[in-house]
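Enquirer: Below, each chain spelled out in residue letters.
Number of protein chains: 2
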Amino acid sequence: MAVPDASLETIDTICNNAWKAFHEFRLLSLKQRAGFMRAIAAKLDKAPAALLQTAMEETHLSEARLRLEKTRTVFQLTSYADACERGNWLDVRIDTAKTDRSPATPDLRKTMTPLGPVVVFGASNFPFAYSTPGGDTACALAAGCPVIVKGHPAHAATSQMVADLILEAARETGMPEHVFAHVHGSSFEVGKALVTHPRVKAVGFTGSFAGGKQLWDWANARPEPIPVFAEMGSVNPVFLFPEKLKQSSKEIAGMYVESVTTSVGQFCTNPGLIIGVEGNELDNFIEMLGEGIAATPAAPMLHPGIAKAYAEKRQTALSQDSVTEVAESRNSTAQAEGIATIATAPGAAFLSNSVLHQEVFGPYSIVVRCRDLEEMMQIVTRLEGQLTASLMATENDVLQNPALVEAIKNIAGRFVMNGVPTGVTVALSMHHGGPFPATTDSRFSAVGADGIKRLARPVSFQNWPDSLLPDELKNKNILNIWRTVNDELSKESL
Amino acid sequence: MAVPDASLETIDTICNNAWKAFHEFRLLSLKQRAGFMRAIAAKLDKAPAALLQTAMEETHLSEARLRLEKTRTVFQLTSYADACERGNWLDVRIDTAKTDRSPATPDLRKTMTPLGPVVVFGASNFPFAYSTPGGDTACALAAGCPVIVKGHPAHAATSQMVADLILEAARETGMPEHVFAHVHGSSFEVGKALVTHPRVKAVGFTGSFAGGKQLWDWANARPEPIPVFAEMGSVNPVFLFPEKLKQSSKEIAGMYVESVTTSVGQFCTNPGLIIGVEGNELDNFIEMLGEGIAATPAAPMLHPGIAKAYAEKRQTALSQDSVTEVAESRNSTAQAEGIATIATAPGAAFLSNSVLHQEVFGPYSIVVRCRDLEEMMQIVTRLEGQLTASLMATENDVLQNPALVEAIKNIAGRFVMNGVPTGVTVALSMHHGGPFPATTDSRFSAVGADGIKRLARPVSFQNWPDSLLPDELKNKNILNIWRTVNDELSKESL
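First to last, the sequence lines map onto chains A and B.
Everything in the first sequence is counted per the working numbering, starting at 579 for the first residue and increasing by one.
Everything in the second sequence is counted per the working numbering, starting at 579 for the first residue and increasing by one.
The shape of chain A in the complex, shown without the other chains (with noise of 0.2 angstroms):
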């Protein structure tokens, strides 16, 4: 669908109306917020099939994928909205007035307040779970901010389906008027006005680093700024260590073709990057990963501008000396661009080419042969930060390797042992980030419920009568949740 950009007056109106909406939504109790999500939820799940249609005709995702990636969008959206309303996040720590001190403390509680509205970047990749109703989406709302989508143009349509769904949402659970809002835009202008409008502030991104940074550059240089969080590009670095390669290079390998692979390696997470220490073991793997390649056939990918990167950062990457192309998958049709593609290359070329550090966002994997286990440590300490870090390795392996493990936990937001980095499960326990350039603030998560708090702040209230406190701070435990009370964790009224 092509669709007109939003003008800079529609974005100013907006952005004013979301100002409005912020006063009223962020007086509403966290069972207020959380039905709203809860009837999103709810739209969503029962959506007209025309909705995953258009979804597969903007995307040239599956059926079956874009199925799954609604229901998990359903999943965030009820769980965070669980979590919203059993108010852990809101992290509350109470300290009564202590008198027999010097200098005497005063009665003080803690909770946690909205920033502001928050503008939402649709990601290519995730039409449901990164997009309009996704995990930023659903995160800003639990947290108490209005919401401003710009769609992807990837999937323009999708987009404002699925918006409609959520205005519809807001009237029927009775929200602030301009609670959610969307536009559309394709230019830089619609970005740049949304995050530097005085009355936005914060923002949520998923998708490039050239994207994110950009939006990161404007936030920061707005008079006041904004904090953007912008979960960018990673190379998921998989380290194979010696004895559990000796033990299960057939099976490492199966895993990492379909980990490759998989939604035609259009995932923030696909395994870019495979390290071994070079000998038969590490050489019968790559065979077996390029035959796996090989055998898969290629793909469309989610549009033009995506396939295009593709293509050139593949050629790139593949022309650099010392790289050698592994195998690639079948090309059947013109459409098919997503062409998986395995390469290798030596250490001591990736140690002195940073273009191969660099993502191909795609079915794209290089393997690197280091010398030894010296040079796969080398290799880490030059690596960029990064979402996750896989391990294949056995117990021994680990232990044998203290300095290279511990060196390894230091570069990613998550360390996947014997298996893939593809799949983010939705829970409490999931960071989704990791040091810049993978994200833009390490200390916050992208998914899991936790990633309320990226867009709330603590606020203090000092010697308040108790009447006068919000619910969650009143002597009595209104909510019944847990709350910090003088140290000690409590779920009891004062």
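Just so you know, these hints were derived from the structure itself, not from any lab.
One thing to keep in mind: the hints can contain errors.
Same chains, same label: a pair holds when it works inside one copy or across any pair of copies.
[To be verified] Only pairs whose alpha carbons sit at most 30 angstroms apart, straight line, appear in this in silico DSBU-like list of lysine-lysine:
#, residue 1, residue 2
1, Lys598, Lys886
2, Lys676, Lys624
3, Lys1052, Lys987
4, Lys824, Lys791
5, Lys676, Lys1069
6, Lys987, Lys1054
7, Lys828, Lys676
8, Lys1052, Lys791
9, Lys598, Lys1052
10, Lys828, Lys886
11, Lys609, Lys1069
12, Lys891, Lys791
13, Lys1069, Lys791
14, Lys770, Lys891
15, Lys1054, Lys1069
16, Lys1069, Lys621
17, Lys598, Lys676
18, Lys1052, Lys1069
With chain A's structure known, arrange chain B on it following the hints.
Expert: Only chain B this time, still in chain A's reference frame:
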């Protein structure tokens, strides 16, 4: 004490050494980190009298004030050490594998890992509590980060004496070499070299807006940007509600004479702006406040730079059209540059002249006379982000003005009811922070053990065998900490 600036070579060596220390220090147990912090506290507590004497000479603060600040600093170190060891700040979340779900979910366990070496800039107004052994240092050590302190040049000798104590404590508790370092520097070059060094991963700063914003800009311009937690300016507005003012104008005036002048007004929480509705009660209040100020002797300020800035900003503020000086303190000696001052201006003048919104760091406060509560509301919505906002209000005042009270609750990090903003309690329930420009990140506190979270990031372990997990994530709850297991808080072992 005039000391030469550290050379750029020295700084480079120190940062590289801190990076080496990081890899050992972060592996130490919470108990070991806490032991180091307690050893620093003990040494500071028993420091020879020369330390206080030196601090008095360098800062012109009274012995009583400095003694209190030293006690506060010891309390910070020991209470953050307790919090570090208690381990709740790790926010451990465990989700066990669910094979009955579609898709099945893996075992996932989340804890915190330190960011890396932290540079702490000493604050001129708190030679102990926000300098060398202060809150930022304590939080960094608790998080597992080595610390590099840049001593404030105005109390370089005090800073060096304390640094020596910390180094002694590090040796005696067997800490890794270079876990702590101290550099001198009064030039921009030293600050810039520290903030832009690739091995430095975070910055703590307490001071002026110009200083904090500069560090933040440098940090954001790095190839790998890093978080700067800068606690900067604030005018800490005080709102006088009508019924309360009628009942207690004398009491309020007395409170605020002390709050404006204590430690010569050199607190980031100093009440620089008092807002009321014009009328007899406000006139009486202003008169009484003026009398109290006039009866307060002027006093020497921290250092010539602050005295000069105070003189200039005070002069600028007083020379604005429609600003009237109400009273100033007796200036007995030439060294007593801290002339406490009360000025007043009509609400309309405040709304039209942004100079009146600016902080005058020192014992200065302006009383703004609004036409009515509607004008007060206009002022609230025009104020920038603040550390604190204080309400002098009866319960009736609050209940009758819900929109005004809610608007006030949107601009600051701490809301004081019928008290003064000065006096920042060290407790988990304290939020010492606020929207920009009060700080560079409203989501974190510079006071209280929650400040540890500024300097650590979450990491998830997926599918790791129990024996290889960090202690806090093992099935057996060895550390006896609160953990969220399958969405429920618990101290049970799995």
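Enquirer: Determine for every hint whether it applies to the structure shown.
Expert: The hints, checked one at a time:
1. Within a single copy, Lys598 and Lys886 get their C-alpha atoms no closer than 42 angstroms, and across copies no closer than 43 angstroms, so neither meets the 30 angstroms cut-off.
2. For a Cα distance limit of 30 angstroms, the shortest separation of Lys676 from Lys624 across copies, 26 angstroms, qualifies, whereas the shortest one inside one copy, 55 angstroms, does not.
3. Proximity of Lys1052 and Lys987 under a CA criterion of 30 angstroms is satisfied inter-copy only: 17 angstroms between copies versus 42 angstroms inside one chain copy.
4. Taking the shortest Cα distances, Lys824 and Lys791 never come within 30 angstroms of each other, neither inside one copy (41 angstroms) nor across copies (54 angstroms).
5. In this homomeric assembly, Lys676 and Lys1069 come within 30 angstroms of each other (Cα to Cα) both inside a single copy, at 21 angstroms, and across copies, at 28 angstroms.
6. Within a single copy, Lys987 and Lys1054 get their C-alpha atoms only as close as 43 angstroms, which misses the 30 angstroms cut-off; across copies the closest is 22 angstroms, which meets it.
7. Taking the shortest Cα distances, Lys828 and Lys676 sit within 30 angstroms of each other only across copies (26 angstroms), while inside one copy they are farther apart (65 angstroms).
8. Within a single copy, Lys1052 and Lys791 get their C-alpha atoms no closer than 42 angstroms, and across copies no closer than 37 angstroms, so neither meets the 30 angstroms cut-off.
9. With identical chains, the CA atoms of Lys598 and Lys1052 are at most 30 angstroms apart within one copy only, with a shortest distance of 28 angstroms there and 47 angstroms across copies.
10. For the homomeric pair Lys828 and Lys886, neither the shortest alpha-carbon distance inside one copy (33 angstroms) nor that between copies (74 angstroms) is at most 30 angstroms.
11. In this assembly of identical chains, Lys609 and Lys1069 lie within 30 angstroms of each other by CA distance both inside one copy and across copies; the values are 18 angstroms within and 28 angstroms between.
12. Taking CA atoms no more than 30 angstroms apart as the test, Lys891 paired with Lys791 passes inside one copy only; the shortest distance there is 19 angstroms, against 37 angstroms between copies.
13. When the C-alpha separation of Lys1069 and Lys791 is checked against a cutoff of 30 angstroms, the pair qualifies neither within a copy, at 42 angstroms, nor between copies, at 41 angstroms.
14. In the homo-oligomer, the alpha carbons of Lys770 and Lys891 lie at most 30 angstroms apart inside one protomer (27 angstroms), although the nearest pairing across protomers, at 36 angstroms, exceeds that limit.
15. With identical chains, the CA atoms of Lys1054 and Lys1069 are at most 30 angstroms apart both within one copy (10 angstroms) and between copies (24 angstroms).
16. Taking identical chains as interchangeable, the C-alpha atoms of Lys1069 and Lys621 are never at most 30 angstroms apart, the minima being 34 angstroms within one chain and 38 angstroms between chains.
17. Taking the shortest Cα distances, Lys598 and Lys676 never come within 30 angstroms of each other, neither inside one copy (40 angstroms) nor across copies (43 angstroms).
18. Both within a single protomer and between protomers do Lys1052 and Lys1069 lie at most 30 angstroms apart by alpha-carbon distance, with minima of 12 angstroms and 25 angstroms respectively.
The structure fails to meet hints 1, 4, 8, 10, 13, 16, 17 from the earlier list, while all remaining hints are met.
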